[in-house]
Amino acid sequence: MVNRLFTIIVLIGLPLSVAGSLFHWSQILMFVIYCLTIIALAGFMGRATESLAIVAGPRIGGLLNATFGNAVELIISIFSLKAGLLGVVLASLTGSVIGNLLLVAGLSFFIGGLKYKRQEFNVYDARHNSGMLIFAVVVAFVIPEVFSMTMDEAETLSLSIGISIILIILYLAALFFKLVTHRGVYQHKSDTAEAHEVPEWSKMKAIIILLLSTIAVAYVSENLVHTFETVGEQFGWTELFIGVIIVAIVGNAAEHASAIIMAYKNKMNVAVEIAIGSTLQVSMFVAPLLVLISLFFKDRMPLVFTLPELIAMVTAVFLTIMITNDGDTNWFEGAMLLAAYLIMGIGFYLL
Amino acid sequence: MVNRLFTIIVLIGLPLSVAGSLFHWSQILMFVIYCLTIIALAGFMGRATESLAIVAGPRIGGLLNATFGNAVELIISIFSLKAGLLGVVLASLTGSVIGNLLLVAGLSFFIGGLKYKRQEFNVYDARHNSGMLIFAVVVAFVIPEVFSMTMDEAETLSLSIGISIILIILYLAALFFKLVTHRGVYQHKSDTAEAHEVPEWSKMKAIIILLLSTIAVAYVSENLVHTFETVGEQFGWTELFIGVIIVAIVGNAAEHASAIIMAYKNKMNVAVEIAIGSTLQVSMFVAPLLVLISLFFKDRMPLVFTLPELIAMVTAVFLTIMITNDGDTNWFEGAMLLAAYLIMGIGFYLL
Amino acid sequence: MVNRLFTIIVLIGLPLSVAGSLFHWSQILMFVIYCLTIIALAGFMGRATESLAIVAGPRIGGLLNATFGNAVELIISIFSLKAGLLGVVLASLTGSVIGNLLLVAGLSFFIGGLKYKRQEFNVYDARHNSGMLIFAVVVAFVIPEVFSMTMDEAETLSLSIGISIILIILYLAALFFKLVTHRGVYQHKSDTAEAHEVPEWSKMKAIIILLLSTIAVAYVSENLVHTFETVGEQFGWTELFIGVIIVAIVGNAAEHASAIIMAYKNKMNVAVEIAIGSTLQVSMFVAPLLVLISLFFKDRMPLVFTLPELIAMVTAVFLTIMITNDGDTNWFEGAMLLAAYLIMGIGFYLL
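Protein chains in written order, with the UniProt record's numbering: chain A, 1 to 351; chain B, 1 to 351; chain C, 1 to 351.
Don't take every hint at face value.
What the hints assert, rightly or not - Incomplete in silico selection of chain A near chain C, CB under 8 Å: (1) R127; (2) I166; (3) A173.
Said to hold, decoys possible - Which stretches of chain B does chain A cover? Using the computed rule of at least three CB atoms under 8 Å from a CB of chain A, they are: (4) 137-150; (5) 159-165; (6) 168-175.
In case anyone wonders, no lab produced these hints; they're calculated from the structure.
Computed from a predicted structure; not experimentally measured.
Ideal Cβ positions, reconstructed from N, Cα and C, are used throughout, including at glycine.
Whole structure, please, built from the sequences with the hints as guidance.
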């Protein structure tokens, strides 16, 4: 049903996107159309990636998921970089991190918890992920923030580049660890490995859909980025709020939906993996990649967030770790994550 | 025996309080009399609440304890707000948090640990509480601190009000979770539920005593607040030191006593619940309530602590979580908490 | 083999050290000679302490190890204090903390993890140590940093002295806890207590070697300290980088070697104990002792690190705790610690 809805949105939204940008329709209207179209396209990309992952087997599949999982966000960010909107890029990275940790996980735990009194998941994975969250957010994001206070611009950029390379290498090492050297080592009982999964689409069809929807996302994203200024003025939203809340929700809508569905089916391992795995992908792969990509544009982006962004991410990490580290969730823990998201949302709105 | 002592103090202290404030006795003397009288009155309030809680059954009883547990502190703070002493209010909230986490828990663990090699308590409760501590102190207190740096006064107040409402709703949700939806779910073996407890006082007597002692506390508190300035000058104590150390100890003396007694009886679940539960009550209920109450006075109080206060609370939370998260304490862990309290005490004294 | 190498280095390095300082050889050359000689001498001190510890039994032995374990670093630091290089002293303390937590533990986990899929160690000890790490670094180091921002120099020094005394008392209490009141209480199965260990050297020989190598280390350290300025200028290294990276590696080289060897033999309890135990020794004993010793010199040292140093230590503590708290390591966790060290190393180099 969701799939049919997405098909309709894409079939209507894409032509409207083209028409609107040609005939200069109201920017507010176009902002809404672009956002909806991207969300629907992201749904197609997700299904195509999943089909390919099943065909390709767990190792290559894991790699595919890890690479294309945040493709939409990466594309929007590249166009934002190109437009010189560094603030929006950093804000949307922040938004992805707190959105996945607090909103996606929070909704999953809350809605799942309304149905089940206690939901359990693999505590080994949760602790492994906790370590990486601390590494990525608390070490790799905090260090440049503090050190850059007494550094000039060139030194800050050098540090950012160094950290970015280290983050990407460690992200690849984490994939190698998970898919090769320690595959199954920490898995006691798993609800992820559905035996004999059947791909939705054939390999060829999946590749074509993935390719076409990626191109379409790129086209719409470039247009979307240019509506930010007008929309911000109209609604009294700051660049920060647009990036942290709006772009992050649009860019991660597909993940939100699937995580909640999984939680509702009591497949908590998958729900947690989507929320935290996606956070790790953003912080250890997308963010450093954008720093490196920005070197090819005229405005280079250091890995230095604003202090509110950084503190929001760090506190979100500590809250998530504390809640997930016992391998057990309930509706109240979900409510707590959602409340934290709301607090930060109000903060970024007022800032 | 303690009860008899408290009766004597109240019977002597109350008339002296009235006389002293009428005849303008030395402020230093009155400060001591007020403090002792409040501590003794708090003992009566605690016994009355406990009697009522037993009569009312666990659900309403839990609610009563949660509401009246920090009534003394709430009353002193409201009079401080009225007198425009916002700094003292925030400082005494800080003092309650670090006092409960470090001094109350520290003394309990230390003294209990001198008698027992290892004391255990329900690790599920401890982790549940840890999540809430992180939410209240590390998210809800840190966010306004950092965001307010680049906000004007009106925005800071809006953020404070928003966070306060969220905190109170979540506090009520936590009670609902504990007393209704998940009652007993995480309790493996419990030393809290003494079967067939007999209330000390009848329902009627308890209500009357609760009412009278609350009025008396209110009267004495109002007078106490006005001695702070003179006492501070006399002893070279800052407003901060009076709030963080003195007011916090007076306001929480009753809890200190019962937590230590429980630890000595090896009822660690109760001791931990008093120390951490009281902290959560202060941070998720009393503090936000005071922010909202302050809107009716001329000086409105934002939820923004001084940096030393905030850092003291945050580091106290991390230390407590690390020590309680294994569900096991000993004398050394108590000593560590006490040492942390001493360090902060010296800091606030010198500040 | 390593022992023979160390003997050769000492036999060549010591005369060269004397000759070089008499005949004013190139400072860069002397810096290298001094460093190598100290590393080799530290090896002798370690072996002598170990022999004495075996002879003296576990209690006195534990005390000996705890006292002499960081003797080299203490000696270098005292001479740095005497030379007025307070910045180098604080930096080398920082370097010891992050070096032990990230480099020593990281190398141990990584190299051990290449051989074994999963390495386990006593999770009780790990959690006990985690509590102390939070106490020492997150409470005792962070509080003076934040409070000193609004304190004058005399107040900052008073606070530093108070905290130092508390730290040392708590360190002694921790030894008393571990060696007397709770000896073996938390030990389920131990790979530390090799039954019937035979000391390498006789008691007399060990004492003489310990004494002689301590004197030699002192002599070489005093000379080493005076090469820092020239070396820094020559290589473009800041005082901070020399302290955090160079001095810390030289001062802890012996521990590095033994921790890695233990990890390779799958004796993870010992490897973790060396890395974290040494960190605790530095932060709870060496650092406060240096603050107190500095009172006898003309430049008194407050317990106030630079912000980058403090943040490096705090984030290193959180990362280590998150990784060790499950009592289980693998190569990826080692890689993560090493990556964090590298990030900080780049930061201090660029600063």
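Quick rundown of the hints versus the structure:
1. R127: holds, 5 Å
2. I166: holds, 5 Å
3. A173: holds, 6 Å
4. 137-150: holds (count 10)
5. 159-165: Three-residue rule met by the region 159-165 of chain B, so holds; n is 3.
6. 168-175: Holds: 4 residues of the region 168-175 of chain B have a Cβ under 8 Å from chain A.
Of the numbered hints given earlier, the model fails none.
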